[in-house]
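Participant: First to last, the sequence lines map onto chains C and W.
Just so you know, we're using my numbering here: the first sequence kicks off at 1 and counts up by one.
Just so you know, we're using my numbering here: the second sequence kicks off at 1 and counts up by one.
None of these hints come from the bench; they were simulated from the model.
Note that this is a predicted model, so its numbers are computed, not measured.
Careful, some of the hints might be misleading.
Straight-line distance between alpha carbons at most 27 Å, and here's what the computed DSSO-like set of lysine-lysine pairs gives [said to hold, decoys possible]: (1) Lys114(C) - Lys132(C); (2) Lys117(W) - Lys124(C); (3) Lys124(C) - Lys110(C); (4) Lys117(W) - Lys132(C); (5) Lys128(C) - Lys114(C); (6) Lys94(W) - Lys117(W); (7) Lys94(W) - Lys25(W); (8) Lys128(C) - Lys41(C); (9) Lys117(W) - Lys128(C).
Not the full set, but computed from the structure, chain C residues with beta-carbon under 10 Å of chain W [said to hold, decoys possible]: (10) Ser38; (11) Ala39; (12) Lys70; (13) Lys132; (14) Glu153; (15) Arg157.
Positions of the beta carbon are idealized from the N, C-alpha and C atoms, including for glycine.
Residue-level listing of the chains:
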Amino acid sequence: MTITTNSLMFLREFFSDYRILICFNGPISTTLIGEIGSALKEHIESHHAPELEVMDVFSVYIEMSQNIRKYTTSHGFSDAESSATVVIAAAEAGHYAVCAGNLVEMEDGKALLKRIHELADCDKAQLKVLYKQQLRQPHSQIPGQGAGLGLIEIARRSSQPMEASLDPLEPGRAFFSLRAII
Amino acid sequence: MSSSEELNLSVPGSQTSPSIRADWKAGVVVMSGESYPENSFELYDQLIQWIASYLSTANQSLTLELHLNYLNTSSIRFMIDIFDLLQTSFEEGKEVLVQWMFDDRNPRSAELGSEFKEDYTFPFLILSINA
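My request is simple: use the sequences and hints to build the entire structure.
Facilitator: In structure tokens:
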């Protein structure tokens, strides 16, 4: 399909309704992660709620996008398979929602959902204990070169439990989505 | 025998990686900036090698002066390796010091410094640059 002026209007309304500030859909590069991160920091510095820390939103965004980069690279995914969807939107009372999604093998997606639900049941003190335990793991035993630590970091910076879902795509694969409210 | 200048390490900073300056003669390592490179191993491995070699051969103290506003989790994991080296040397009687410098506008940096400090017994100062 080719985009029309009507669909642009539709997209604009969708963005406005969900208060989307920054959105990206496509193969994500290191440079792009950095550039979107800078734009994000600049935006939040001038708009955030008094109790919100800018670096929390930035950190969640970085961990989510780098987890996707590491996952797609370590699985040897093609450009099309490595496409990531990253959305940063305004949430209630000066807070922010950071969402990211990507194609995963179904089994990996199920394991991720399980891990996210476990982390959602932890309070901040338990998350700190898990974080310190994970930091003490030898490098070679860190699954996906640090994905474990990244998820704990996201949970620690979130003001609500993380939400995640898995939408089946082609056989054996799914689109994994993660949302954190900071 | 190399001259002390050849033993220095200097890595320029970028948007995603801190600048690193390691001065063998002075016994000082200064890191400054934000750290979220895609390949943190590449950046940190050379620094870890330098510190390990310094601690095992130089017969003097080592000071780490850290001005790190933000570290992603894989950089944090490598900082643990560095602090572990310092702790081992400290237990063997070597003089080591970490000066963690933070900006009051970024309290998360001070908290990160405190979380590192909790796990070690060598001198670890957390200092505001606004003081």
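Participant: Does the structure break any of the earlier hints, and which numbers would those be?
Facilitator: 11
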